[in-house]
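First to last, the protein sequences are chains A and B. With my numbering applied, the first sequence covers 698 to 1494. With my numbering applied, the second sequence covers 698 to 1494.
One thing to keep in mind: the hints can contain errors.
Unchecked claim - Okay, derived cross-link-like pairs now, SDA-like style, lysine to any residue, Cα gap no bigger than 20 Å in a straight line: (1) B:Lys1110 - A:Tyr1322; (2) A:Lys1315 - B:Gly1234; (3) A:Lys1315 - A:Leu1326; (4) B:Lys1041 - B:Ala1121; (5) B:Lys1315 - A:Tyr1322; (6) A:Lys1315 - B:Asp1294; (7) A:Lys1315 - B:Lys1041; (8) A:Lys934 - A:Ala911; (9) A:Lys1315 - B:Asp1314; (10) B:Lys1176 - A:Lys1406; (11) A:Lys1176 - A:Lys1315; (12) A:Lys1176 - B:Ala1121; (13) B:Lys1315 - A:Glu905; (14) B:Lys1315 - A:Leu729; (15) B:Lys1315 - A:Lys1406; (16) A:Lys1406 - B:Tyr1322; (17) B:Lys1281 - B:Ala1301.
Hints in this document: simulated from the structure, not taken from any laboratory. Because the structure is a prediction, the values reported are computed rather than measured.
There are 2 protein chains.
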Amino acid sequence: MTRSCRNLLLLVAALALHAETGAEAWLRYERLANPPQLPAVVAIQGGGPLLRTAQQEIIRGLRGMTGRILRAEPSTPHEPAIILRTGASLAPDAYTLQSERGNILISAANDRGALYGAFALLRHIALGEPIPNETQSPRVAARWVNEWNNLDGTIERGYAGRSIFWDNGKVRDDLTRVSEYARLLASLGINACAINNVNANPKIVSAEFVPQIAKIADAMRPWGVRVAIAVDFGSPKSVGGLDTFDPLDGKVIAWWKGRFDEIYRAVPDFAGVVLKADSEGRVGPSTYNRSHADAANVVARALAPHGGILFYRGFVYDHHMDWNNPKNDRARAAYDNFVPLDGKFDSNVIIQIKNGPIDFQVREPASPLFGALEKTNRAIELQITQEYFGQARHTVYLVPYWKDALDFDLQVKRSGTPVKSLVAGFVGVSNVGLDENWTGNQLSQANLYGFGRLAWNPDLTSDRIVDEWTRLTFGADPKVLSTIKDIQLTSWRTYENYTGPLGLQTLTDITGNHYSVNIEASERNGWGQWHRADEHGVGMDRTVATGTGYAGQYRPGVARLFESVETCPDDLLLFFHHVPYTHKLHSGKTVAQYLYDSHYDGAARVEQYAREWMSLDKAVDEQRYHEILAQLEYQAGQAIVWRDAVTRYFAKLSGIPDAQGRVGNYPGRVEAEAMQLTGYTAIDITPWEAASGSKAVTCPSGTCAASLKFTGTPGWHDLWVEYFDMPAGVAGYRVLVGTQLVDQWTAADRIPARRLDAGASTRRIIRGLALRPGDEIRIEGVPDRADPAALDYIEIH
Amino acid sequence: MTRSCRNLLLLVAALALHAETGAEAWLRYERLANPPQLPAVVAIQGGGPLLRTAQQEIIRGLRGMTGRILRAEPSTPHEPAIILRTGASLAPDAYTLQSERGNILISAANDRGALYGAFALLRHIALGEPIPNETQSPRVAARWVNEWNNLDGTIERGYAGRSIFWDNGKVRDDLTRVSEYARLLASLGINACAINNVNANPKIVSAEFVPQIAKIADAMRPWGVRVAIAVDFGSPKSVGGLDTFDPLDGKVIAWWKGRFDEIYRAVPDFAGVVLKADSEGRVGPSTYNRSHADAANVVARALAPHGGILFYRGFVYDHHMDWNNPKNDRARAAYDNFVPLDGKFDSNVIIQIKNGPIDFQVREPASPLFGALEKTNRAIELQITQEYFGQARHTVYLVPYWKDALDFDLQVKRSGTPVKSLVAGFVGVSNVGLDENWTGNQLSQANLYGFGRLAWNPDLTSDRIVDEWTRLTFGADPKVLSTIKDIQLTSWRTYENYTGPLGLQTLTDITGNHYSVNIEASERNGWGQWHRADEHGVGMDRTVATGTGYAGQYRPGVARLFESVETCPDDLLLFFHHVPYTHKLHSGKTVAQYLYDSHYDGAARVEQYAREWMSLDKAVDEQRYHEILAQLEYQAGQAIVWRDAVTRYFAKLSGIPDAQGRVGNYPGRVEAEAMQLTGYTAIDITPWEAASGSKAVTCPSGTCAASLKFTGTPGWHDLWVEYFDMPAGVAGYRVLVGTQLVDQWTAADRIPARRLDAGASTRRIIRGLALRPGDEIRIEGVPDRADPAALDYIEIH
């Protein structure tokens, strides 16, 4: 960066000094209207460097919330104090809060526990709660996040900018954001972070990366967050120069041991390793006919002397499966791969299992593998980054979705064994980025917060978690609180309603961006995310009786529930059963009509979110108000794109009309290809459901125009312009009524579109137009590079 | 700028898209809670290009305020409309608003009048007022602003960044801000703008600048603002290559004519010229023993054929006056220079007279010249930019100050001739800059607004003007309105109280920055801004009886008022009279005690402004809330610097103690030079009153420290650190209590300091410190270039 540029940015930063950008997340420590009476001293008794972090954080937090600067004292104070103590008889990382003779005691076994106690104290104060006498212990010891960051600085499935860790093949010079991130993690009790993509670059274990890993560890260590890495199983060969990576080969065993001995010399508190092998093109033990246990153990044994642990990913499946074989089922894969190996894994190996058997789809049953393994450590992998949940462009609060799995009773010993009782670890795929607000969407921060809180205590309710998060992040205004909570708590159902209800999974572009609607993308390929829709019916038969047998991977009580179309919950019906469109749900509605209704309901609900949000103007700070409004308005437009695509698709395939007559009938809509075109030419869009009328118009060069004569009633109208915003260029648009320019904009939004389809489709609304019969409405587009200023339709309301 | 830098800034700009920056000023057009019923059409009847501007502005304004996009129609609408019409029998620029059968008619003689009517309609709607049937005519035809912009892009006495017109010796490539400024001016009815410094670069009239002037004129013309320039009287010789600039020389006469013929070919609506001659080092007619009338007329005659006018500045005085001669008086100069020439100026010459006889001081009597000239056009020059009013670092609402002159009855024909009735023009020295908020201080925008409104109608009250401005700029929240109005309406008296009460004039650094306190800067030099304070008394004797005779320049009724110490208003006492410090004012208070009391009152009042402002947190948008809070807190600190300097100065000089015991007695204050110093060394500050204890400590290099043991009572304390922020470097500061870092900052504020004195003095407040007896308080400073991290004192409260 040039010097003048840095100065400019400093100036901008100074001006924005007080703006609420989301960078502070839930640690805003906003001034309290009625701060509690507190001691004036924060003292430390006991050992451990994190006590000083805790002391400073209490001072920082109370300075923000009360306007007073407490005294940091090293040991025994002469007056009442907040006292941080280690050496208590508690579980590691647990803490006790206790008020006693004017003192507030924060006791823990280790200094990390005391830091967590400090954050808990600050949270109680920020929430306006009395300070309780309480002991809180984390449910599991391993509370990790995974960051799918590539060494070049990109992030696989990251939606908030580039990596905070890596840039251009090496560690970033400035790790300020890494320290700030570690603080956010520590405030939730997360104690380790894997800093590179599970699809690992083999170089991460090479000698040149050891000091780089150590530098990141140094940045996170003051917050008690230990560093881990993901490794490539072929490293002994590709990096180590051996002629094999066979896990039973002595050279390979020695090589892994040598690598981790060196890493531990530089990073003595190194947490461990994540390993993805024999899956989605990654090499693995199958090369040498070895088992996953062999693979896991060779790495785990290199870590064991240092206390490190290995997370071995259970996400192993064949992505070249034959779609024509009705018995093939990707959902079966994890169970089939790992159950035979139960008991063969070392004690410092944890199998990392996604919540559901497929891949973070909008609705999945809990993975049967949690209940099937008995002599193997299991962890649940939850995805904080919203890969199949709208990629930070849609608001979806994931805690209720995660709790759906965590609370699901797998009936290992009859009943009473929910998933949360079976796991020894929580792993969240976080993928924060350099965006100031960490998650790309202000409201998506609730997912990072919720993951951390659940990892500490999975019994917390979805309501409690979002209540905490909203108060901490936006303050205690009752209207703000109720509006945000309503949006968040209903957002999963809303998103499911317009993207994949009844267990269809997310009907997204599975071989492309994982974002926008593309119903057949998951059929007729080897990836196994099939829903098997045809003209007669829809759904994947996974019963034991007639299907793939997947239902039989559950213990008998659960298996019976899913096996029968009568007892299978409607929400998972099409995950387990292939039924005709006329099949009646428990509600009495047919599958076809439910598909139509849920999509219309979902789209209408997002429109309502945007309207509700507008009622918070001035109640929420300017920047976040406008960012969230823009996000919700965009989401409302995309929900209509989804709605129209899915309902038209199933109406056409099934031949069953919408009982309410909505599908295919869009009042006020005029297709761009039906307008009078100058320069614009109509093209077919693939898949056909990705554009209204299955066509768009594109402009090859110059300025093109699409126009029509208004024939409606005179009055105030809103004009919707549905257009395509391609990331590879910045097209310009103008809208005229007669000769009057009424709007102009450029298509420069950050949209995860890869081609001219539903992913690029977005909406501009021009409100309050005085239209009269005979008016010419004219949309002008100017293409730029690979953005052809394409139009789908207009709608006049 | 590099491409990546530009992208970064674009990103920042996009994020800040909705922030209230002040750029919109009073034309925010915020959505109204209850918009009135209005027609859906804006039509044009009549001629003139500004009708289209007016039509577009109405559409823009009503789109903002009502959310509806009215139809622009060219002529006769088929339905009720807002109709813009020219050709009415009205004065130029006047307008009539009229509601008639559902139509709203805006009628004017010329299209500029229709534009002003459009802005008036929008103002009534924005203020929530019913739309009146009214005709409004401007009091005077010439409503100008002067911009003291140098061609290199700097601005003489500009406090809001660099020039919007010029950069690096030529017109800016991007004149967007010029057009936006013209729109602001048009909204107030200002119809011309002089675009360069009155201390003019002779090159402005050269051929190479003609197209540049034309480019600026093109940017302002859509808003009806005509361009003028300031010229250097020596141009015929320095630019024209003649051997003379004698105004009676035929070659000179022809040269001026030739120049303006060429300018008018490029800019047919060129407004005219401002000329400063024979003053403050500018050349003038005295070189050839010619008169100011000769000088004015030679230029005016070159303008006359094209309809241009010449403003000839009355600000002519000798700046090498002998201080030792008690009869010398700069206040006399304008009258002495111009009254003998009355009747000798051409009809297109206007003498441009500052409100008072000196130079925009905090309190001056109205200039007698307004009443003395009878056969010469006069205009009043008011200074919007706050040269002697805190330079946008202090909030001073100048409308009451201006009205003090405008409403002053000069009794030309007995009574009934206030200044506003005697002038044919209003000229405001505006000096806006590239700062987003135009004026450098959000609250200073009220002065630009107020000047424009007064220029249109000088009968408007100060209250009405600030009421309008606040509602338009900050909205209608009653608490915001009352707080801002209270601050603005009392701000002049407050500022006067701590900078120069009783007619002392601004006790500022007259030969330096015109900003910070320096009481003797105006004595013992040729500039004539003297107050003649000695051990016995203070004030300038300007009586006829014993003084300079200046009082006799007024008509008899006014002269008598000022001549007598009994009838002279207290506020102007020391402007007209030299009195002992024991002289009793009309209030019964002595001059000495009044000087003490007013300074303490003034400083306390600014502290109160900052507290009142804090009650508007969340009621005012984030950015403006924090900018104004920072400004008021800084001003409160500077007011204490002024208070202490002036009161200590007069206590020492007069030997009269403060009856309330405050002067020289500062509870909780510890001089830096009295602290334990490591690396820091004490130096004397000049003038002695510019630092507490007359000393500061400075750090030559490395890190220096000043520390002391706290001996007060244990409890919560605020710590003030008074330090010096030098613009020529960015020093760093840290404050520790014991080993605990409690604050750190860099000295990087934009302060108009030129040396280590009161101008650089500023304050950091650290609130809510828990201090205990025996605590070591330690200030560490790290110098940077010419900023020696200097300290004045600390105060513990």
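Tested hints:
1. B:Lys1110 - A:Tyr1322: Measuring from Cα to Cα gives roughly 62 Å; hence the hint is violated.
2. A:Lys1315 - B:Gly1234: Roughly 56 Å separates the two Cα atoms, so the pair is violated.
3. A:Lys1315 - A:Leu1326: Roughly 12 Å separates the two Cα atoms, so the pair holds.
4. B:Lys1041 - B:Ala1121: holds, 17 Å
5. B:Lys1315 - A:Tyr1322: holds, 13 Å
6. A:Lys1315 - B:Asp1294: violated, 42 Å
7. A:Lys1315 - B:Lys1041: Distance ~61 Å between Lys1315 (chain A) and Lys1041 (chain B) Cα, so the pair is violated.
8. A:Lys934 - A:Ala911: violated, 24 Å
9. A:Lys1315 - B:Asp1314: holds, 12 Å
10. B:Lys1176 - A:Lys1406: With a Cα-Cα distance of about 49 Å, the restraint between Lys1176 (chain B) and Lys1406 (chain A) is violated, given a limit of 20 Å.
11. A:Lys1176 - A:Lys1315: holds, 12 Å
12. A:Lys1176 - B:Ala1121: violated, 56 Å
13. B:Lys1315 - A:Glu905: violated, 51 Å
14. B:Lys1315 - A:Leu729: Satisfied, since the Cα-Cα distance of roughly 14 Å is no more than 20 Å.
15. B:Lys1315 - A:Lys1406: violated, 47 Å
16. A:Lys1406 - B:Tyr1322: Distance of about 48 Å is beyond 20 Å: violated.
17. B:Lys1281 - B:Ala1301: violated, 24 Å
In this structure, the earlier hints numbered 1, 2, 6, 7, 8, 10, 12, 13, 15, 16, 17 are contradicted, and the remaining ones agree with it.
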